[in-house]
Structure formats: structure tokens, C-alpha cells
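*Asks:* Sequence:
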Amino acid sequence: MKLAEALTARADLQRRIEQLRARIVANARYQEGEEPAEDAAALIVEVDAALTQLRDLIRRINATNARLHLGADGTMTDALASRDVLRLRHSVLTDAAAAASGANDQFLRQMRSELRQVSALPVSQLRSRADAVAQELRELDNRIQQANWSNDLEEESGSR
Numbered sequence: 048m049k050l051a052e053a054l055t056a057r058a059d060l061q062r063r064i065e066q067l068r069a070r071i072v073a074n075a076r077y078q079e080g081e082e083p084a085e086d087a088a089a090l091i092v093e094v095d096a097a098l099t100q101l102r103d104l105i106r107r108i109n110a111t112n113a114r115l116h117l118g119a120d121g122t123m124t125d126a127l128a129s130r131d132v133l134r135l136r137h138s139v140l141t142d143a144a145a146a147a148s149g150a151n152d153q154f155l156r157q158m159r160s161e162l163r164q165v166s167a168l169p170v171s172q173l174r175s176r177a178d179a180v181a182q183e184l185r186e187l188d189n190r191i192q193q194a195n196w197s198n199d200l201e202e203e204s205g206s207r
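Heads up: the sequence shown at position 88 corresponds to 135 in this note's numbering, and the numbers run straight through without jumps.
Bear in mind the hints are in silico, worked out from the structure with no lab data behind them.
Because the structure is a prediction, the values reported are computed rather than measured.
All C-beta atoms in this analysis are idealised placements derived from N, C-alpha and C, irrespective of residue type, glycine included.
Heads up, a few of these hints could be off.
[What the hints assert, rightly or not] Simulated DEER-style distance windows between Cβ atoms:
| no. | residue 1 | residue 2 | range |
| --- | --- | --- | --- |
| 1 | ARG136 | GLU81 | 50 to 58 Å |
| 2 | ARG136 | ARG57 | 25 to 33 Å |
| 3 | ARG134 | THR55 | 47 to 55 Å |
| 4 | GLN182 | ASP95 | 40 to 48 Å |
Input sequences plus hints: build the corresponding full structure.
*Replies:* What follows is the structure in C-alpha cells.
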């Protein structure tokens with residue numbers, strides 16, 4: 048199984064667990080004299096099995112990420128950390144540029160006597176930096192995706 052397939056399987060398992068949680072909660076209580084739509088105890092058994100599968104899959108994904116080298120980006124774990132930081136950096140820069148440009152201002156000055164707002168930050172420089180970070184993020188994400196589809200998932204280890 049390729050790493051990308053394992054990531055898809057992980058997402059599917061997480062969705063399944065959330066669906067089971069909702070069904071358990073919906074059937075945890077029922078009106079006296081009625082029957083619940085589903086057996087909540089059986090759903091608990093089902094979610095336990097899904098959680099065990101998820102744990103094992105996450106272990107294998109993490110082991111793969113730790114051993115997988117992406118050249119200058121370091122290990123996959125390093126690349127994922129860099130991607131998270133780049134996303135946050137891009138968000139901070141775009142929010143700062145929007146705030147400095149007044150893009151979020153709901154009220155404009157109606158009269159000359161009202162106080163005028165001025166930018167404390169260089170908007171064009173912030174936007175340029177945000178664009179550069181976005182480009183770097185796209186390139187890194189492409190390298191991560193390429194590695195996900197070209198590398199196999201670690202086999203299950205004997206330790207639990």
C-alpha cells in the first residue's frame with residue numbers, strides 16, 4: 048500500500064469513527080417501552096475495532112514519515128512540520144495585509160472631522176511576502192504529495 052492510500056484509509060476510518068460516535072450518542076437512551084433504532088453496545092464494539100485499526104494505521108504512517116527522506120526537505124516528518132508552519136505564516140501575513148489595508152473596515156469616514164486610519168504596516172510588502180510563502184508552500188506540498196504516491200507504507204511492527 049502506498050503512503051497516499053494509507054492517508055486516504057486513515058481519513059475514511061476517522062469519518063467512520065465519527066459516524067459511529069453519532070449513532071452511539073443517538074441510541075444511548077431510548078423511551079421506555081420502545082426499542083432503540085440500533086444497539087448502542089454493538090456500536091461500541093464496532094467503534095473499538097475501528098479505533099484499533101486507526102491506531103495501527105497511524106503508527107505505520109508515522110513510522111513511514113520518520114524514515115522517508117525527501118532530500119533537502121529532510122524527513123517526511125520535517126517536511127510536514129515545515130508545511131504546517133508555512134500555512135500559518137501565510138495566514139498571518141495575509142491577515143496582517145488585510146488589516147493594514149483596511150479591507151475589513153466596515154465603516155468609512157463620513158466627514159473630514161472624523162479620525163483617519165493609517166496603516167502601520169507596508170501592505171504591498173506583506174502581500175509580496177505572502178505570495179512568496181504561498182509559492183513555497185505549493186512547491187513543498189507537491190513534493191510531499193509526490194512522495195506519498197511513490198513510497199510504500201511501513202509494514203506492521205511486532206511491538207504494540
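*Asks:* Against which earlier hints does the structure fall short, listed by number upward?
*Replies:* 3
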